[in-house]
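Build out the structure end to end from the sequences listed, making use of the hints.
The residues making up each chain are set out below.
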Amino acid sequence: MGYAGLVLLIAVGLGIVLTGLPAAIVLIGAASAGAAFGVVSGAVPFALLSALPGRLVNLLENDLLQALPLYVLMGLLLDRLPVAEALYKTILSILPRGPAAQLVSGMSLGALLGPMNGSVGASALGLSRVVAPRLAAHGVPEPTRAALVAVASTLGVVIPPSLVLILLGDAMLGAHTIAVTATGRSDRVINTQDVFHGALAPAGLFLLLCLAVAWLAGRRLPVAAAAADEKPTTGQVLLAIVSVAFLLVLLGGVALGLFYAVEAAAMGAFILFTGGLVTRRLRGPVLREVLAQAMAMTGALFALLIAATTLTLVLRILGTDKLVADWVTALPGGELATAAIVLGVVGLSAFVLDAFEIIFVIVPIVIPPLLIRVADARWVAVLVLLTLQTSFLLPPFGYALMMVRGTLRYSAPLAALVRALLPFLLAQWLVLATVLLFPQLAHLGEKESDRVRTSPTISREELNRRLDDMLTPIPDFAPPSR
Amino acid sequence: MTSRLIGGLDRLVAAILGAGQWFLLPVVALLFLQWPLRDIVRAWSRDANDLGQWLFALYVAMAFTAATRAHTHLAADALARRYSDGARTWIARLGALLCLLPWASFVMIGGAKLVVSSLGVLEVFPDTYNPGYFVIKLAIWLLSGLILAQIVIDLSRPRGSA
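As you go down the protein sequences, you meet chains A and B in turn. Throughout the first sequence, residue numbering follows the numbering used here, covering 1 to 482 in sequence. Throughout the second sequence, residue numbering follows the numbering used here, covering 1001 to 1162 in sequence.
Hints listed in this document are in silico derivations from the structure and should not be mistaken for laboratory results. Yeah, the Cβ is synthetic: ideal placement off N, Cα and C, and Gly gets one too. Some hints here could point you the wrong way.
[What the hints assert, rightly or not] Short derived list, chain B residues pointing at chain A, Cβ under 10 Å:
1) Leu1030
2) Asn1049
3) Gln1053
4) Leu1058
5) Tyr1059
6) Ala1061
7) Ala1092
8) Ala1096
9) Phe1106
10) Gly1110
11) Gly1111
12) Lys1137
[Said to hold, decoys possible] Ranges of calculated distance between the beta carbons of each label pair, as one might list FRET restraints:
13) A/Val278 <-> B/Ala1019: 19 to 27 Å
14) B/Leu1079 <-> A/Leu426: 22 to 30 Å
15) B/Arg1157 <-> A/Gln440: 52 to 60 Å
16) A/Ser50 <-> B/Leu1079: 32 to 40 Å
[Said to hold, decoys possible] Among chain B residues calculated to face chain A with C-beta under 10 Å, some are:
17) Leu1017
18) Phe1032
19) Leu1033
20) Trp1054
21) Phe1064
22) Ala1067
23) Arg1069
24) His1073
25) Leu1079
26) Ala1080
27) Arg1088
28) Gly1095
29) Leu1100
30) Lys1113
31) Leu1143
This is how it looks when you write it as structure tokens:
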């Protein structure tokens, strides 16, 4: 029956691409079909499906997920308030004049806004509004504009404390718990904070490379004579300084463990909301519109979570996770080869699934067995994170690309966009390869005590037995034989 | 008669979502207050968390349907945008009928025992004994109920407007 789950996963990919239906509906449809097949064929007792409502309640009471609407609200508020424009103009004012400065400012704005608004969609909207028209005025070609906005909008994925980081941290916690229990290692189970810390150095490296690529791309462009000279007002400079300081406080507070990421998100949303009220930009209909949009965008993300929870329950009941676990634990080669193969699978799924779907559907299936083979959970988390960032940019279905093509009303050929995107993708893959080959990049500043691992020697049979116990969806239930 | 009923249901769902969108503001305020309450006041942090938790549960339970009505669900329509409007309408209706309807019905019926038993004793939060934990379980009925109502509304609309 485990193979039936793999068929469902393929059906999900095809269903999303061919029907154009919301991914959440396709996931729920695949889960329902799988459950019906299992029950009708007699392989799955109907009573097992009664675990679903309980799992949905778990989602509704999950502390970490409370960050989701907070990030969405922050993104919408940033789009309404003049913060982005102030930041952009202030960065521009300290760079030499010309198209290269415009590109570098746009990229820097993505790095500053990304962690604050948490979602790639919100970043793409904000950057499309603030940066893209100015790039056009400075003669930057349409494919370069779209590529820059797309890449800049994904920087929030790797720069903490972003939404993708938080959700991946939660998924990694679950996966690592399974792996540590199955192997009997004495590791401390990884948490969201560890993923934040691990991502800092690779994110910094990627940002530097992106800035360099943007600068080089801009240097090749002619200076547009008609471009307006945009000097920031004193108020804008002050706003930019306060915003950067506030961002550093948020980042520093989370990095030092003074407050949780959810609290940091709440602080950001609260301060921005208060700022909107004080400056009277959030009155009456505007406030109602922001709240309606926040609810609709939160619903889109939460629908994915609900759908993925349903599908993963069905996959577990069908025994697909155990089938995958058997394959991963039997892979030939060492840690590097195993990690590379599993990341390849995650990367392949990125052609049809976006980062959220991958975190909710693919990660819970492939990462627990990977962490049984590979002890370094922090390294694996950072590698998955970088792969997810790539998934936002992969043509033709990368979410950031789709968003940018929509918001900028992109009309040039897709091939031109891919060409403009290629240097950034190469930089991304270079960072990914560097982290893959040098795991210590994910461990900068880590306490020595957290690195100690003692792995008791256990047989593969014993490992599989423990894994079976861990992956059983409901106590006292023996999954169907494959 | 049917169209008036559907219109009434549509207005009811809109009113529920319109009221529910305001829940986000107390959620933001309560989660923002958690840190000063925990580290400065050293009291009521858990209470703020509990209150924020059931408001959050109700909020996200309503948000699914809000996304459906606002067409913000994430979808990859690079291929499907080439289909005719009629074909896309039919696909959307089939999706609601074959995917969402059985699932939401199952959550509504399958969750009855969980919700009713919690509601019957007005279940409290297990760690703090604060009231209101039953609201989180009740939220799965709100979630499935709104989804079912929206399916009825969407399927009752004339073709081409869904």
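Right, here's what the structure says about each hint:
1. With a cut of 10 Å, the hint placing B/Leu1030 at the interface with chain A holds, because the nearest CB-to-CB distance is about 8 Å.
2. Hint on B/Asn1049 holds. Least Cβ distance to chain A is approximately 7 Å, under the 10 Å limit.
3. Using the Cβ-Cβ criterion of 10 Å, the hint placing B/Gln1053 at the interface with chain A is satisfied: the shortest such distance is roughly 6 Å.
4. For B/Leu1058, the suggested interface contact is upheld, since its CB lies about 9 Å from the closest CB of chain A, less than 10 Å.
5. Look at B/Tyr1059: its Cβ gets to within about 7 Å of chain A, closer than 10 Å, so that hint holds up.
6. Checking B/Ala1061 against chain A by beta carbon gives a least distance of about 7 Å; that is within 10 Å, so the hint holds.
7. For the restraint placing B/Ala1092 at the interface with chain A, the shortest Cβ-Cβ distance is roughly 7 Å, inside the 10 Å limit, so the hint holds.
8. Using the Cβ-Cβ criterion of 10 Å, the hint placing B/Ala1096 at the interface with chain A is satisfied: the shortest such distance is roughly 8 Å.
9. The criterion of a C-beta within 10 Å of any C-beta in chain A is met by B/Phe1106, whose closest approach is roughly 7 Å, and the hint holds.
10. With 10 Å as the threshold, the beta carbon of B/Gly1110 comes within range of chain A, its nearest partner Cβ sitting at about 5 Å, so the hint holds.
11. Interface hint status for B/Gly1111: upheld, as the beta-carbon distance to the closest one in chain A is roughly 3 Å, under 10 Å.
12. Proximity of B/Lys1137 to chain A holds as hinted, the smallest CB-CB distance being about 6 Å (cut-off 10 Å).
13. For the pair A/Val278 and B/Ala1019, the supplied restraint of 19 to 27 Å holds, since their beta-carbon distance comes to about 26 Å.
14. At about 28 Å, the CB distance of B/Leu1079 to A/Leu426 agrees with the hint of 22 to 30 Å.
15. B/Arg1157 and A/Gln440 have their C-beta atoms about 59 Å apart, which keeps the hinted 52 to 60 Å range intact.
16. In this structure, A/Ser50 and B/Leu1079 meet the distance hint of 32 to 40 Å, their C-beta atoms being roughly 37 Å apart.
17. At its closest, the beta carbon of B/Leu1017 sits 7 Å from a beta carbon of chain A; the interface hint therefore holds under the 10 Å criterion.
18. A cut of 10 Å between beta carbons decides the hint on B/Phe1032: the least distance to chain A is about 4 Å, and the hint holds.
19. About 8 Å separates the beta-carbon of B/Leu1033 from the nearest beta-carbon of chain A, less than 10 Å, and the hint is met.
20. Nearest Cβ of chain A to the Cβ of B/Trp1054: about 8 Å, under the 10 Å cut. The hint holds.
21. Checking B/Phe1064 against chain A: minimum C-beta separation of about 5 Å stays under 10 Å; hint holds.
22. The closest approach between the C-beta of B/Ala1067 and any C-beta of chain A is roughly 3 Å, which is under the 10 Å cut-off, so the hint is satisfied.
23. Given the 10 Å rule on beta carbons, the hint for B/Arg1069 holds: about 7 Å separates it from the nearest Cβ of chain A.
24. Against a cut-off of 10 Å between C-beta atoms, the interface hint on B/His1073 holds, since the closest Cβ of chain A lies about 3 Å away.
25. Here the hint on B/Leu1079 is kept, as its CB sits about 6 Å from the closest CB of chain A, short of 10 Å.
26. For B/Ala1080, the interface hint holds, the least distance from its beta-carbon to any beta-carbon of chain A being 2 Å, beneath 10 Å.
27. A distance limit of 10 Å between C-beta atoms decides the matter here; for B/Arg1088 the minimum to chain A is near 7 Å, and the interface restraint holds.
28. Using the Cβ-Cβ criterion of 10 Å, the hint placing B/Gly1095 at the interface with chain A is satisfied: the shortest such distance is roughly 5 Å.
29. With 10 Å as the threshold, the beta carbon of B/Leu1100 comes within range of chain A, its nearest partner Cβ sitting at about 6 Å, so the hint holds.
30. About 8 Å separates the beta-carbon of B/Lys1113 from the nearest beta-carbon of chain A, less than 10 Å, and the hint is met.
31. Residue-level restraint check for B/Leu1143 holds (minimum Cβ-Cβ distance to chain A is 7 Å; threshold 10 Å).
No hint from the list above goes unmet by this structure.
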